[in-house]
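Trainee: Start from the sequences, fold in the hints, and give me the full structure.
The numbering of the sequence shown is this note's numbering, which starts it at 857 and goes up by one.
Honestly, the hints are just simulated from the structure, not real lab data.
Given the structure is predicted, the values throughout are model-derived calculations rather than measurements.
Treat the hints with care, since some could be wrong.
Said to hold, decoys possible - In silico DSSO-like links for lysine-lysine, alpha-carbon gap of 27 angstroms or less: (1) 896 <-> 1044; (2) 896 <-> 997; (3) 997 <-> 941; (4) 997 <-> 946; (5) 965 <-> 867; (6) 862 <-> 896; (7) 862 <-> 938; (8) 1044 <-> 997; (9) 896 <-> 965; (10) 896 <-> 941; (11) 941 <-> 862.
As the list claims (entries may be wrong) - Using C-beta positions, here's what the derived DEER-type ranges look like: (12) 861 <-> 947: 31 to 37 angstroms; (13) 862 <-> 961: 33 to 39 angstroms; (14) 868 <-> 929: 25 to 31 angstroms.
Note that beta-carbon positions come from the ideal geometry of N, C-alpha and C, so glycine has one too.
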Amino acid sequence: MAEYFKAIADKGGAYVAGQILGVIVILWSILVYTRKDSDKILIFKFVSDVLSIFQFLLCGNYTGSGLNVVMCMREVVFYNRKRHKWASGKFWLYIFIVLIAAMPFVTSKEEVLSAMWFANIFPALGSGLAVIGLYDKNAMKTRIFSLIGVALWLVYVIMVENYISILSNAISLIAIIIGLIGDIVRRKETNANGETEK
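Mentor: Here you go:
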């Protein structure tokens, strides 16, 4: 355990601060995917992504930070699409997918075509899937896409050795699975009562 803390301390004060902030992200991430409707998921995810922008910046993971900026914009638009006409166009889905796809190549500080340069593609794929999931108004579909997306982010944070984000993503996966189990239970109860599924 001492070696773990020494490895963190050796990376400098900013990295240590990022790991501490990561603990807050972990605690908050437990709440994100256990919300029952897609609007609440978006609100909680927005707060998580704002915190993650700074967490990744402090740890020197610029692709992760840049992708979280795009995800915050995504959540603002998707939350408002039921409320305002400007946010209701399907073109937003494509704009965010393009921004996410470009982000690894704009923010990467790795040598072009190196293994770590390609590693930056994993969170972009994960974020792209999350965009598709969060665009859907069905909370269960949101969770399914998010499950795959978070798994791809987990691969990225393992490769960049962002230790607290590894734990955060693992907890997010567990929270998503718990949310999916709740969806399945509610769906069975709805079917058993003879109600029409939404």
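Trainee: Does each hint hold? Answer for all of them.
Mentor: Here is how each hint holds up against the structure:
1. 896 <-> 1044: 23 angstroms, holds
2. 896 <-> 997: 15 angstroms, holds
3. 997 <-> 941: 24 angstroms, holds
4. 997 <-> 946: 17 angstroms, holds
5. 965 <-> 867: 17 angstroms, holds
6. 862 <-> 896: 39 angstroms, violated
7. 862 <-> 938: Not OK: residue 862 and residue 938 at ~49 angstroms, beyond 27 angstroms, violated.
8. 1044 <-> 997: 16 angstroms, holds
9. 896 <-> 965: Violated: residue 896 and residue 965 sit about 35 angstroms apart, past 27 angstroms.
10. 896 <-> 941: 20 angstroms, holds
11. 941 <-> 862: It is violated: about 52 angstroms lies between the C-alpha atoms, which goes past 27 angstroms.
12. 861 <-> 947: 31 to 37 angstroms: 48 angstroms, violated
13. 862 <-> 961: 33 to 39 angstroms: At roughly 34 angstroms between Cβ atoms, residue 961 and residue 862 fall inside 33 to 39 angstroms, so the hint holds.
14. 868 <-> 929: 25 to 31 angstroms: 30 angstroms, holds
The structure does not agree with the numbered hints 6, 7, 9, 11, 12 stated previously, though it agrees with the rest.
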